[in-house]
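With the hints as extra help, turn the sequences into a complete structure.
Which chain is which? The protein sequence lines are R and E, in order. In terms of numbering that gives the first Met the number 0, the first sequence opens at residue 0 and continues consecutively. In terms of numbering that gives the first Met the number 0, the second sequence opens at residue 0 and continues consecutively.
Calculated directly from the structure, the hints in this document are not laboratory data. The structure displayed is predicted, hence computed values, not measured ones. Check the hints yourself; a few may be wrong.
Unchecked claim - To be clear about the criterion: a stretch of chain E counts as covered by chain R if any three or more of its residues have a C-beta under 8 Å from a C-beta of chain R, and this derived list gives those stretches: (1) 5-14; (2) 17-25; (3) 30-40; (4) 46-60.
What the hints assert, rightly or not - Coverage of chain R stretches by chain E, computed from C-beta distances (three or more under 8 Å per stretch; other residues unrestricted): (5) 1-9; (6) 16-25; (7) 31-40; (8) 44-55; (9) 70-81; (10) 109-117.
Note that the Cβ used here is the ideal one computed from N, Cα and C, for glycine as well.
Protein chains: 2
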Amino acid sequence: MAHVSMVTFGVDDLERATNFYLAMGWERSDVSVPGTVAFLRGGAIVLGLYGRDDLARDAGVEIVDRAGSAGVALAMNVDSEGAVDRALRDADAAGGTVTRPAARADWGGYSGYFADPDGHLWEVAHNPGFTLLEDGCLLLPGDGRRP
Amino acid sequence: MAHVSMVTFGVDDLERATNFYLAMGWERSDVSVPGTVAFLRGGAIVLGLYGRDDLARDAGVEIVDRAGSAGVALAMNVDSEGAVDRALRDADAAGGTVTRPAARADWGGYSGYFADPDGHLWEVAHNPGFTLLEDGCLLLPGDGRRP
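And the structure:
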């Protein structure tokens with residue numbers, strides 16, 4: 000079945016990246032290997048942090064250094080507009096950068112974006128048309144998944 | 000609670016990207032807006048496909064054109080080595096590129112990587128030390144989540 004089990008970010012400084020996500024409320028798994036790779040649990044997914052060069056080598060690709068962003072954004076849906084504001088404040092306090100302050104969206108919700116210390120993008124969104132399950136999973140209208 | 004609800008890929012050709020993921024077994028949600036955005040359900044997560052420029056504008060960032068990859072890899076964990084091989088064959092048949100053929104890994108499993116038509120990286124992995132839940136969620140040893 001099509002699915003995502005883990006998202007791995009290539010990072011320049013593993014300790015800095017790990018500390019950022021710990022400050023954002025993620026939990027480090029014991030299978031992490033200090034200095035090499037961190038596995039962080041958050042809801043239904045595992046977030047992996049891995050040296051940018053290690054990831055490139057493992058994947059058999061070249062990873063470019065970039066001034067802009069990478070064309071990938073993760074989203075964290077939350078259950079209120081206040082929770083969007085709080086998450087963006089937390090990201091800023093933890094060393095991230097708010098790239099687009101929270102605002103009403105034309106799709107009826109409220110969202111903003113931050114970049115983590117390595118430039119990886121996160122949207123924080125409240126969408127009153129989507130149901131949020133207890134484990135953080137997002138239920139789309141008419142979705143096969145059930146609450 | 001820390002979590003990921005959705006992963007959005009910025010893409011150059013929304014129809015091409017959507018067809019690739021449909022061929023890989025994802026299901027398109029009715030909330031998709033043809034020509035603008037596609038939402039695909041796979042297990043516990045929603046995969047969003049959105050024009051690269053639209054994503055950049057929405058996020059308030061510049062997204063660079065790149066020859067190499069972006070420093071983000073998604074992983075799809077599967078329950079056998081044969082399933083790894085099948086997923087890589089499917090990706091190739093659907094228009095993706097296998098960037099690193101499947102091989103035994105020093106962490107005891109078996110994995111390979113492919114890039115989708117826009118260059119977004121996926122690892123397909125079988126890790127006998129990790130438990131795979133029915134919804135595609137990955138259970139790490141000692142994890143707070145339970146099967």
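* Go through the numbered hints given earlier and state which of them the structure violates, listing their numbers in rising order. => Violated hints: none; all satisfied.
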